[in-house]
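Using the hints, position chains Y and B against chain U.
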Amino acid sequence: MAPKVPPQPTLEQSSTAAEAGHGHAHEAPPKGLMRWLLTTNHKEIGSLYLIFSLVMFFIGGIFALVVRLELFQPGMQFVNPEFFNQMTTMHGLIMVFAAVMPAFTGLANWMIPLQIGAPDMALPRLNNFSFWLLPVAFGLLLSTLFMPGGGPNFGWTFYAPLSTTYAPPSTTFFILALHIAGISSILGAINIVATILNMRAPGMRMMDMPLFVWTWLITGFLLIAVMPVLAGVITMMLMDINFGTSFFNAAGGGDPVLFQHLFWFFGHPEVYIMILPAFGIVSAIIPAFARKRLFGYASMVYATAAIALLSFMVWGHHMFVVGMPLVGQLFFMYATMLIAVPTGVKVFNWIATLFQGSISFEPPMLFALAFVVLFTIGGFSGLMLAIAPADFQYHDTYFVVAHFHYVLVPGAIFAIMAGVYFWLPKWTGHYPHERLSQWHFWLSVIGVNLTFFPMHFSGLAGMPRRIPDYALQFADFNMVSSIGAFLFGFSQLLFVAVVIMCVRGGKKAPAAAWGDYADDLEWSVPSPAPLHTFETPPNYQRPAH
Amino acid sequence: MRTLLVWLAGGLSLVGSSQAALASGWNMPVGVTDLSREIYNLHMVIFWICVVIGVAVFGVMFYSLIRHRHSKGAKAANFHENTTVEVIWTAVPLLILVGMAIPATATLQKIYDPSDAELDVMVTGQQWRWRYEYLGEDVAFNSNMSTPRAQIRGDEERGENYLLEVDEPLVLPINRKVRFLFTSDDVIHAWWVPDFAVKQDTIPGFISENWVRINEPGIYRGQCAELCGVDHAYMPIVVHAMEEDDFETWLVERQEMAAEEALGVDREWEMDELMERGEGVYGSICASCHQVEGQGSPPAFPALAGNEQMLADIDWHKDTIINGVSGTAMPSFRTTLNPVELAAVITYTRNAWGNDTGDAVQPAEIAERLER
Amino acid sequence: MWGVIKSVLAAFLGVQKEQQRREDFEKGNPMAFILVGIIMALLFVGLIALVATWAAG
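Chains as they are written, first to last, in the working numbering: chain U, 31 to 575; chain Y, 2 to 373; chain B, 187 to 243.
Please note that a few of the clues may not be correct.
[What the hints assert, rightly or not] Pairwise CB distance ranges, derived in the manner of DEER restraints:
| # | chain 1 | residue 1 | chain 2 | residue 2 | range |
| --- | --- | --- | --- | --- | --- |
| 1 | B | R208 | U | I81 | 52 to 60 Å |
| 2 | B | R208 | Y | V99 | 29 to 37 Å |
| 3 | Y | V326 | U | F251 | 40 to 48 Å |
| 4 | B | M217 | U | S173 | 43 to 51 Å |
| 5 | Y | V93 | B | W188 | 25 to 33 Å |
| 6 | Y | N216 | B | I225 | 45 to 53 Å |
| 7 | Y | V61 | U | I81 | 36 to 44 Å |
[What the hints assert, rightly or not] Computed cross-link-like contacts, DSSO-like style, restricted to lysine-lysine with a CA-CA straight-line distance of at most 30 Å:
| # | chain 1 | residue 1 | chain 2 | residue 2 |
| --- | --- | --- | --- | --- |
| 8 | B | K203 | B | K192 |
| 9 | B | K213 | B | K203 |
| 10 | Y | K178 | U | K538 |
| 11 | Y | K73 | U | K538 |
| 12 | B | K203 | Y | K76 |
| 13 | Y | K73 | U | K537 |
[Stated by the list, open to error] With the Cβ distance kept under 7 Å, some of the chain Y side facing chain B (calculated, not the full set):
| # | residue |
| --- | --- |
| 14 | V88 |
| 15 | T91 |
| 16 | T106 |
| 17 | E309 |
| 18 | Q310 |
No wet-lab data here; the hints were simulated from the structure.
All residues carry an ideal CB built from backbone N, CA and C; glycine is no exception.
One chain only, chain U, in its complex shape (with noise of 0.2 Å):
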């Protein structure tokens, strides 16, 4: 008996009926909201994904700046305790989930198909519902803020029984939401996946793919591998909540640890979830402005698994001060230490393609170049933090919070921000415009670092993280934070202005926009890029030089 499978369209069909102008099968598209609503168009996901995160990024930057209003000198002055912990925790739920990830995957979305020469992504349909299941969730969080006792206020990390036997009423929200943006991530991982595995053009081996495509790649099996382990974990805190079970419950029986141990076994590669992508960004935008190719690319791809292997057996050094065996302690701080290793690899990598270059200093790699110098400074703290012993001094302190903002903000973000400026021709068909570009990097560079350098400072003085009122000694370093977040805060005002600007005209770009070493497969396509590209697959050649 033959198995039921619905009629696939194999490629030659899709590329036919796309050539006959939208053929026979497709009905003209639906205007105005339906159109959104229902594209399976891998670039219009992607702009999707991107304009949403940018309105997370908001929030986010408006949740963060109430905690630095409050903390601008010591006291009460703005917001009470109870309202300071919903914003600590909601500004870390909103950065992580809804403006990293959703950024790198608006990113993947757009760039992955083009950068393989693939029609669209693997599986479109489940594309648009991994879009749309994120409004949903993030409305579910955001819409906890307004319920009697008010939103989740247990730190992003939720450690229990904070947030099982002592959070407010709202939490299952808080956990119902996670959930259905977790599976949005595991499905939007799903489809990248199998894009990157199926769908390359003829010719195109796995060693020729660009890296930006390699760490989504590796990225994706992240994703897939520990979304499920944060989804089990909320699950039992809900279980622990409604239904009287006690996993974490010690009165119960339960054990508080596991949980550490379940959400940072999920954690420690969510975090390197949100600097794969990254790394692979800044591993295009740097050979292209440094005319010259990158160097090491097979080391590169071999540093981003090696690194992802590492993340999973790391996440001990999340809990030294818990109370851990000492083989254990040290099993985790060897292991921990490891990571600097492939982690250097990359950052030499990088500043060998430097090294004798042809160097210019487009908007794209000023970012990419304050990324490395930037990222480094966070590696390092990285590697002071993994010194078991001296963790206990720093732990949950400022000094953590300066250390994982180092990597995620000038990291992460910084690298998000070179993508859309090096791909925004591509998008558009216009340079981004060149003097408000560069305002919105240096007041983004002096902004950050005057936000999170004092933050050493203050966490090394002794100052605990997450909370609202301080000792008098960390003023001084709590107002400059302060003062700088406010700067970082507004610059990105400029961000907006350059895209929004930049969408409606300005300097127009040719196909290959940024020259002869920004060689990939999407530069190969027109500026703008047409709304379907690639419907007959390229014949892949591998670049000259």
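Okay, now just chains Y and B, sitting in the frame of chain U:
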């Protein structure tokens, strides 16, 4: 191996001492124990390693950015791999890391040796105070933040030790190995005193240990380091480290006080006495959730003023305070408060803010209830 | 077999001669590399655990 360790330790302390002067206010404190000094040295060594690598890496980078500019007509070279260089920059960091792991391991081994302790102190985290119990010495007390709320609101000028002062500091002897046993009654807290380099999570249902041997007498301050709810910022730690003789005197004093308090259980208490004592207990223990005027902050923390269930059922009221309500933020005060304090606070909550029941609950009755 | 192990080791280190890499990708059997890779990864975890146990005394 041993010589290598000694050599490394010597090198570390040299780097450490030259840096100590820079420390205050911007850097990790050197602290007042041998281990805190060792940790400080580890911190400085790894810091300087990062600085050296950073200078080298960024040096090459900025050299390239300046010398190999397109606008200055730089022509790009055409190399894109070099196995020798790649092996070097993989192997060198690996060696540096091994060099760093050895002293870190040695320090960790010392931290993990709580044997031969001369004094055991049980530290219990509670929302939002610390409870200290000198095991086998019959001394136990709660330590609450003593910074007035008026200073937090800004109605009063903030004192020098704003948010870092308590009503009852933990008192410890110097030059003795003190073992801590950490646990929690509710959520996870973390007990941290930077000068001791001791930070340990307190976890409900678990007991973890750590230890300290303080070298210098003094007053050392720290804070809870793990988000534990609304008043996370308001559960500081103050340790008063004393000469051994002074500590012994203090301990005897506290034991006598405890014995006196125990006698109070058996006598009849007047309403006024109970109310006065109860107001103090309520202020330091209950007010952070149920608020000074008993108005609570629903839905998490119900109002006590005019609470019908509480006023109608005195038995339920006693039971709630002694045993807590499982599945909510209301903890059990069975061990935190003694019978006098329990009786006083029950009496107070039944008679304050217009709850005029007239009930005076006697400590003896509570003591009997606790025995059951 | 030894060649596969050597290549996987080189991949763990992230350094490989271009010529050798090309050869592996053209002639090698992907399953063999993946299998050896997984086994070596497990060995690697075991090795760190062993060192940690030894250091813990």
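Do the hints match the structure? See the list:
For the pair R208/B and I81/U, the beta carbons lie near 43 Å from each other, so the given range of 52 to 60 Å is not met. Hint check: R208/B to V99/Y, Cβ distance near 33 Å, so the stated range 29 to 37 Å holds. Under the hint 40 to 48 Å, the C-beta atoms of V326/Y and F251/U, about 45 Å apart, fit the expected range. Here the CB-CB span from M217/B to S173/U is close to 49 Å, well matched to the stated 43 to 51 Å.
Checked against the hint of 25 to 33 Å, the C-beta distance between V93/Y and W188/B comes to roughly 27 Å, which is consistent with it. For N216/Y paired with I225/B, a C-beta distance near 51 Å keeps the hint of 45 to 53 Å intact. Distance hint for V61/Y and I81/U: a CB-CB separation of about 39 Å, consistent with the stated range 36 to 44 Å. At most 30 Å may separate the alpha-carbon atoms for a hinted pair to count; K203/B and K192/B meet this at roughly 12 Å.
Our distance criterion of 30 Å between C-alpha atoms is met by K213/B and K203/B, whose separation comes to about 15 Å. At most 30 Å may separate the alpha-carbon atoms for a hinted pair to count; K178/Y and K538/U exceed this at roughly 74 Å. Taking the CA atoms of K73/Y and K538/U, the gap is about 26 Å. The hint holds against a cut of 30 Å. Taking the CA atoms of K203/B and K76/Y, the gap is about 26 Å. The hint holds against a cut of 30 Å.
Simply put, K73/Y and K537/U have alpha-carbon atoms about 24 Å apart, close enough for the 30 Å limit, and the pair holds. A cut of 7 Å between beta carbons decides the hint on V88/Y: the least distance to chain B is about 5 Å, and the hint holds. Look at T91/Y: its Cβ gets to within about 6 Å of chain B, closer than 7 Å, so that hint holds up. A least Cβ separation of about 5 Å between T106/Y and chain B falls short of the 7 Å threshold, and the interface hint therefore holds.
At a threshold of 7 Å, the smallest CB-CB gap from E309/Y to chain B is about 58 Å, leaving the interface hint violated. Hint status for Q310/Y: violated, given a least beta-carbon distance of 54 Å to chain B, over 7 Å.
Violation of the numbered hints given earlier is confined to hints 1, 10, 17 and 18; the remaining hints are satisfied by the structure.
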